[in-house]
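Enquirer: The residues making up each chain are set out below.
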Amino acid sequence: MYAATLFGANYIAYRIQEAIYAQKQAKGIAALVLGNPPYSFPSVWQATANISSFLLFIPGLILIISVTNEYSYKTHRQNIIDGLTRRQFIVVKIMSAAILSLISTCLVTLTAFIFGMADGSNAFSFEGFHYIGYYFLEAMSYIMVALLMAVFFKRGGLSIGVFFAYSLILEQIVVLILNKYTNYFGRYLPLETNDILTPFPRVDQIINRLTSNTPDYTTFFILALVYLAAYLFIVTRKFETDDL
Amino acid sequence: MPSCVKQIFMAILTVENLHKNYGPIQALKGVSFTVPKGSVFGILGPNGSGKTTLLGIVMDILKASSGSYQLFDEKPTNAHRQHIGTLLETPNFYHYLNAVQNLKIAAAIKQRGEGDIDQVLQIVNLEQRKFSKFSTYSLGMKQRLAIASALLGDPDVLVFDEPTNGLDPMGIAETRELIKKLNKAGKTIIMASHLLDEVEKVCTHVAILQKGTLITYGHVDEILVTEDIVETGAADMQQLLKVLQQYNNALQVKMNEQHVDLSFAPGKAELEAVNRFCFENGITLNHLRLRKKSLETKFFELTQNKQ
Chain A
0 MYAATLFGAN YIAYRIQEAI YAQKQAKGIA ALVLGNPPYS FPSVWQATAN
50 ISSFLLFIPG LILIISVTNE YSYKTHRQNI IDGLTRRQFI VVKIMSAAIL
100 SLISTCLVTL TAFIFGMADG SNAFSFEGFH YIGYYFLEAM SYIMVALLMA
150 VFFKRGGLSI GVFFAYSLIL EQIVVLILNK YTNYFGRYLP LETNDILTPF
200 PRVDQIINRL TSNTPDYTTF FILALVYLAA YLFIVTRKFE TDDL
Chain B
0 MPSCVKQIFM AILTVENLHK NYGPIQALKG VSFTVPKGSV FGILGPNGSG
50 KTTLLGIVMD ILKASSGSYQ LFDEKPTNAH RQHIGTLLET PNFYHYLNAV
100 QNLKIAAAIK QRGEGDIDQV LQIVNLEQRK FSKFSTYSLG MKQRLAIASA
150 LLGDPDVLVF DEPTNGLDPM GIAETRELIK KLNKAGKTII MASHLLDEVE
200 KVCTHVAILQ KGTLITYGHV DEILVTEDIV ETGAADMQQL LKVLQQYNNA
250 LQVKMNEQHV DLSFAPGKAE LEAVNRFCFE NGITLNHLRL RKKSLETKFF
300 ELTQNKQ
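Those sequence lines, one after another, are chains A and B.
The numbering of the first sequence is numbering that gives the first Met the number 0, which starts it at 0 and goes up by one.
The numbering of the second sequence is numbering that gives the first Met the number 0, which starts it at 0 and goes up by one.
There may be inaccurate statements among the hints.
What the hints assert, rightly or not - Straight-line alpha carbon distances no greater than 16 Å define the calculated EDC-like cross-link-like pairs of lysine to aspartate or glutamate that follow:
id, chain 1, residue 1, chain 2, residue 2
1, B, Lys62, A, Asp242
2, B, Lys62, A, Asp241
3, A, Lys92, A, Glu239
To be verified - Far from chain A, by Cβ distances over 10 Å, these chain B residues were calculated:
id, residue
4, Ser67
5, Lys74
6, Ile122
7, Thr212
Please keep in mind that the hints were generated in silico from the structure rather than gathered at the bench.
The C-beta atom is built at its ideal place from N, Cα and C for all residues, glycine as well.
Please put together the full structure from these sequences, using the hints given.
Expert: So this is what it looks like as structure tokens:
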């Protein structure tokens, strides 16, 4: 299902690109703005990472459901009673998050490879492959935020609601407001940090030129890691000290 | 000291000054006791007295606000819990899995083999439904599965929280028999219950909890002593009371609305002697009756005195 959605979303973007580049006039403008088609090597890694990152709520959802199921059936209690430590239990859930991110990253890599080959305008290249690495980091962060919601709210519906509201809308609003009224502080919000790392090919450069403010990607990379470490710490601590 | 003697005196569970607050509500107010090895230890108390909270803390699913506890005379770890079979509050299983799959998970966590799954299901009479999903079970069957899960791996200590909850009369009788049988086989059983009668029937030791306070604990025979009560009545009740207060054989003399009650140790009440004593002191009784004090009355007395 998830694989199909991932592939599907990229297919839509790919078709849009195909349509634009098929028309002569549009192609001229697009080529001027975007250069080579985004779904050709080497930018295909980045394009696929960007489009696929909009679908990260799906693995997040899977994890929320798996954790809140434990809460609603109280099986997390039973597992502890039967002799798991609290840490073992939560580490297994964090491992699930890592595995989901890994699967997601593999699917994205495969998708990018297929579309790059299908487009065929450039020869295969690993250039820009580090965007797949950023995608993994982004996937891990989104899924850990989902786990954070599950551990804090414990109820499935509530966790899902807050997760969606925050990741899809609330944070974006705050980012926009902060970016408008401060010196782009909105970019430093937890999920936005990751979004910055996987922009759509060349669009980011255009925007940066327009706003004359280029983010320092190394800083964002480190910041994303710091946020991830914070999620790990908070989730583990919350689960280890809470009444279950 | 030979090791076998040492084992007899080993404490399975020691609770020291446990406090637990849920916000402003104090669920446990400094509870301390010891569960000796080989006992059937009943934790008795009305609903909301803190029984489950207490066991929850011991099982590490709740964190005590203060105080400590020990398992097997050691600092508690998950390895200890692996050797305790526990049924806490409600049966907690994966609804979409069947009995055998659920027990396999429990066995894996306890790091025991799956060999005795069939055997424990047989003990609780669930073999016919062992491949049905848990969600299709009735309350009683869920309870039976929880008992089966607790028995996995033949643990030396069993913790049962309201074990007969939701069971039919047959199931209740079977469970009590099972508890007695397990105890005879040398296992220590800690059982929480609000049913006095249940505690009296199966337990060797009892702790009585009331609103988070431990009222008393010890051997069942010492705590839940039953008394014989002699009800007396006469035309002049005040005079009767005054006279009977001189009667030395009674443990206690009390007046209620209709009668003057004298309590005696079990089997020590002699109606004739009471009657003769009253007559000799110038009172003619119009009511004289021997009554066994019910456990419920005793329980109410115990819980009300300390409020």
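Enquirer: A separate judgement is required for each hint: does it hold in the structure or not?
Expert: Each hint, compared with the structure:
1. Taking the CA atoms of lysine 62 of chain B and aspartate 242 of chain A, the gap is about 6 Å. The hint holds against a cut of 16 Å.
2. Taken as a hint, the lysine 62 of chain B and aspartate 241 of chain A pair is honoured in the structure, with Cα atoms around 7 Å apart against an allowance of 16 Å.
3. With a C-alpha separation of about 13 Å, the suggested pair lysine 92 of chain A and glutamate 239 of chain A falls inside the 16 Å cut-off, and the hint holds.
4. No Cβ of chain A approaches the Cβ of serine 67 of chain B within 10 Å, the least distance being about 16 Å, so the stated non-interface status holds.
5. Every CB of chain A is more than 10 Å from the CB of lysine 74 of chain B (nearest about 13 Å), matching its label as outside the interface.
6. The claim that isoleucine 122 of chain B is not at the interface with chain A holds, since no C-beta of that chain comes within 10 Å of its own (minimum 18 Å).
7. Under the 10 Å C-beta cut-off, the non-interface status given to threonine 212 of chain B relative to chain A holds; the minimum distance is some 21 Å.
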